[in-house]
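Protein sequences, first through last, are from chains A and B. According to this note's numbering, the first sequence is numbered sequentially starting from 255. According to this note's numbering, the second sequence is numbered sequentially starting from 6.
Think of the hints as simulated: they come from the structure by calculation, not from any bench. Incorrect hints may appear among the rest.
In silico DSS-like cross-links for lysine-lysine, where the CA-CA straight-line distance does not exceed 25 Å [what the hints assert, rightly or not]:
#, chain 1, residue 1, chain 2, residue 2
1, B, Lys-162, A, Lys-362
2, B, Lys-67, B, Lys-105
3, A, Lys-362, A, Lys-283
4, A, Lys-362, B, Lys-105
5, B, Lys-67, B, Lys-57
These numbers come from a predicted model, not from an experiment.
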Amino acid sequence: MHEVDMTRALIVTLSDWLASQSETPQVSKVHLVVGEFTCVEPVSLQFAFEVQTRGTFLEGATLEIQETPLIAFCHRCQQEYRPEIGIQYACPDCRSPMEDICSGRELKIDRVEYAGKEEEAGTGGAGARDSV
Amino acid sequence: MHQTINTAVGINLLHANQEGADHNRAHFDAWGITCLNLMSSPGAGKTALLEKTLEALSPSLKIAVIEGDMTTELDADRLRRYGVPVIAINTGRSCHLDSKMVAGGIHRLEHEHDPSTFDLVLVENVGNLVCPAEFEVGEHAKVALLSVTEGEDKPLKYPIMFREANCLLITKTDLVPYLDVDLQQLEANVRQINPRVTIIPVSARTGMGLEAWFAWVQATVAASPAALTPVAE
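Whole structure, please, built from the sequences with the hints as guidance.
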């Protein structure tokens, strides 16, 4: 299962990024953009992320995956089209091969969420606790 | 209530691997080495192709092999018979080589030999049609192998590797008379994913097509930016 390696890559990349930041907050959510035309299966990635982040700086963080479709651009027809993965990649109108890919190859850590410091927190915390 | 802060990261998931790959390539360039990454499913004939390649090209090119295998050194032992350095990397449970593993191989090459005397490093990746395509190791070109027994539909089903390949070798072509495989359809399937790929049908067993493959390797070594780097005196 290569999602294990993808998750390891994610942890290393995010760890490097955090080290370059001025403060190292506790990350609560990681937003990923995963293209349809990559080797990554989002369901497997979710599972691997949950297991592999235990005991790391990402423990307890959740993973939000936004998938992007495979979209190619046909130069001959001067238009975008959606190749059918596993079946047909050439342009459905003129049969030109898939040259340029506009979307679908993304494997990007888009952004992270973390809780702000106590003093930055808004008012009404006690009230919220009471209502639970 | 804590205020949630959102910070843009915008870094590729494989950023750390990519940095390692660029670092490896910088080493290769400094030594005047061209690096090829060979990828295929298990049993497509990577090791047999390497045997023939070492036999034919090692008299004229100084070659080293970095051999990725999940558990054994069987393939590495096969290749050592050709008198070239073979650095075996057991990837353990990982189903592909990554740039860090190959960096380990490069350091061994540097430790045991003078790397600036080498022309070509052939990386034999772990047999797998999926993951190796996403993990660059520092190669100058990617070579994919697809054996005729795998069927003409594989490029459609596992498109990434075929999309990324600079050269595709269709292997075991001596078996075509015994199969229902449609080679024209196979080539067409590859071309609709990757119109620029060089396709060379070969048989390591009969030698058919190997001259074209050797010529491609020699041309790639000659054209590589690494080959233009003057060797430091």
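Which hint numbers doesn't this structure obey?
Nothing - there is no hint that the structure violates, so all of them hold.
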